[in-house]
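Chains as they are written, first to last, in numbering that gives the first Met the number 0: chain B, 0 to 345; chain U, 0 to 267.
Among the hints, erroneous ones may be present.
Once the Cα atoms are required to be at most 30 Å apart in a straight line, the calculated DSS-like pairs of lysine-lysine come out as [to be verified]:
1) B:K254 with U:K76
2) U:K182 with U:K236
3) B:K337 with U:K130
4) U:K130 with B:K254
5) U:K1 with B:K254
6) U:K182 with B:K243
7) B:K344 with U:K236
8) B:K112 with U:K182
9) B:K243 with U:K130
10) B:K243 with U:K236
11) U:K76 with B:K160
12) U:K76 with U:K130
13) U:K6 with U:K130
14) U:K244 with B:K344
15) U:K182 with B:K160
16) B:K112 with B:K243
17) U:K130 with U:K1
No lab work stands behind these hints, which were simulated from the structure alone.
The chain contents come next:
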Amino acid sequence: MTGSMGTGASGVRDGDTLEMADKLRWSAKFFNSGNDQRKTVTFGDSSAVRSLPLWSLLSLVLVIAFWFLSTQAWGLSSDLIAVPDSLAEDGVTYDDLSDKQRISICSQSDECKASYSQLVSPLQFPSLRDTWNTFGELNGEGFRGITLWEHTKASLVRVLKGMGFGTLFGVPIGFAMGLSSRARGFFDTPVEMLRPIPPLALIPLFILIFGIGDASAVPLLIFASLWIMIIASRSGVQAASLSKIRAAYSLGASKRQLLFRVLLPNALPELFTGFRVALGVSWGTLVAAEIIGSQDGLGAMIFAARPFFRLDVIVVGIIVIAVLGVLMDILLRFLESKLIPWRGKG
Amino acid sequence: MKDLSVKNVDMVYDVPGGTDVHALSNVSFDLEGGRLLSLLGPSGCGKTTLLNILAGFLAPTGGTVTLSGDLITGPDKHRGMVFQQGALFEWLTVEQNITFGPRMNRDDKAGFGARAQELLEIVGLGGFGDKRIYELSGGMQQRVALARCLANDPDVILMDEPLGALDALTREKMQSLILELWKETGKTIILVTHSVEEALYLGDRLFVMAPRPGRVDQDYSLPFAEQGLTMDARELKRSPEFRAKSEEILNIIWEMEEEIMGRTEGAA
């Protein structure tokens with residue numbers, strides 16, 4: 000290593016300190032903002048603040064711990080709970096009973112009721128254990144004959160269809176509005192009038208016109224994403240600098256080539272932003288649409304569980320929706336870094 | 000052959016609710032192929048307007064511009080343009096940027112790669128073909144813009160303050176590069192600049208333009224660009240002849256500025 004100056008700010012390093020520096024870097028990634036160790040002013044410097052994975056993990060652990068601790072029946076004893084005969088005949092033991100069943104049985108005797116303490120009753124919110132078991136049950140036999148995956152798939156397909164058609168119609172209309180004064184004039188009125196309507200307000204109308212299920216859900220989702228994609232495409236076209244357009248023409252590009260080789264790729268960042276916003280709105284609209292007019296889908300599952308007081312099913316549905324939202328965002332961020340690496344640079 | 004002919008060009012901008020702006024008034028000149036012309040003048044003298052008319056981006060309100068006898072009616076591949084900045088295509092690699100023109104014109108598909116490599120070497124960016132635009136510095140980006148323009152083999156290269164956004168050192172290097180390219184390619188180059196030194200160094204012909212209405216005030220033929228091909232740039236810029244000319248032109252421009260100031264003060 001002798002003579003190899005400048006491998007880092009500190010100059011020559013031997014193997015040991017290098018190894019230590021690596022460890023420090025690793026720990027810095029999880030515990031502190033390490034990268035800016037040489038900065039003396041960090042409080043208020045937003046570039047020195049980032050999301051530390053360990054703390055993100057901590058908040059998740061805290062939520063789960065709080066859930067567990069508050070729904071746990073402390074002091075509940077299996078001796079005071081008799082498995083009902085109807086269930087015992089089928090070989091059900093105390094261990095097989097859900098927390099909700101245990102509390103229901105327990106509430107029939109005053110002695111049992113006095114024996115335990117619990118912050119939140121499973122009749123108000125499902126326990127962690129019940130929710131986990133329900134997750135397994137929904138994956139296996141499903142809820143009312145439809146598995147969790149089938150519900151999820153139904154919802155995803157609807158969102159994809161809605162987003163697909165919304166993009167398919169929205170991008171050309173937005174481009175036309177960005178490129179032609181006639182198209183701008185023609186579409187301005189309908190876009191500005193229809194855009195502020197919350198898609199949810201149209202559910203009754205769409206169900207009456209198109210019927211229930213996909214027939215009304217997909218048009219509703221197209222309605223939810225169309226205006227967003229139109230506006231995004233329009234501003235994407237307008238984002239092209241005049242010098243870029245002039246450069247393309249003086250390099251011999253035709254109008255068609257300008258459109259597909261310059262304006263379209265140049266609009267990708269805006270289109271991407273529009274897509275992300277539209278996806279969020281679509282997802283929210285979808286669940287509401289399924290609650291009202293559908294047999295399958297996560298929204299329908301959540302709503303169908305309500306008359307049966309299946310809080311566990313409702314909570315599983317909510318968690319699946321949340322996880323899907325996070326996964327979609329991760330996927331879109333990944334795509335963004337691959338498709339438009341120049342965003343926010345130079 | 001590749002002569003540029005500008006006849007009685009007028010450009011009047013309509014200002015809604017105000018007085019019309021006379022950006023160019025009766026501009027006429029002929030430029031033989033292979034000359035290096037720089038346009039200099041205070042703000043508002045119509046340099047950029049003239050360049051945009053030559054490129055075909057603007058149609059003059061009066062007069063004609065012809066290249067090799069053909070009337071210029073719109074932008075085309077015969078007149079390439081290098082902008083101050085921001086005209087490269089970020090979604091393409093350096094090499095794809097350079098081959099953009101030939102690809103649009105669908106000529107000589109097989110030769111794209113080799114030609115791009117050659118041009119990269121010429122502008123001093125050998126080995127940078129696969130880089131993305133945002134990975135390059137401002138000076139390197141302007142080199143790519145030059146190479147992209149050359150790839151189309153235009154008759155005339157128009158430059159709108161191509162070095163305006165660069166730091167002083169990069170700027171000097173790029174000036175030498177432009178001179179070399181001019182010499183090697185023998186192309187007509189027309190360059191708009193704010194810098195008197197740059198205009199002298201990169202102008203074997205130099206127009207000093209005057210504002211309100213925009214017009215060509217002085218038309219110089221200069222020896223410095225030729226000398227710059229064999230002489231060290233800094234030495235040339237220090238020579239008494241260069242400094243005397245620089246002083247002369249600065250005085251002309253100062254007088255114009257004073258006149259403008261006087262007029263606005265008088266109006267106010």
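A quick look at each hint next to the structure:
no. : hint               : result
1   : B:K254 with U:K76  : 14 Å, holds
2   : U:K182 with U:K236 : 19 Å, holds
3   : B:K337 with U:K130 : 15 Å, holds
4   : U:K130 with B:K254 : 28 Å, holds
5   : U:K1 with B:K254   : 27 Å, holds
6   : U:K182 with B:K243 : 28 Å, holds
7   : B:K344 with U:K236 : 37 Å, violated
8   : B:K112 with U:K182 : 99 Å, violated
9   : B:K243 with U:K130 : 19 Å, holds
10  : B:K243 with U:K236 : 34 Å, violated
11  : U:K76 with B:K160  : 43 Å, violated
12  : U:K76 with U:K130  : 25 Å, holds
13  : U:K6 with U:K130   : 44 Å, violated
14  : U:K244 with B:K344 : 42 Å, violated
15  : U:K182 with B:K160 : 59 Å, violated
16  : B:K112 with B:K243 : 76 Å, violated
17  : U:K130 with U:K1   : 35 Å, violated
The structure is inconsistent with the numbered hints 7, 8, 10, 11, 13, 14, 15, 16, 17, although it conforms to all the rest.
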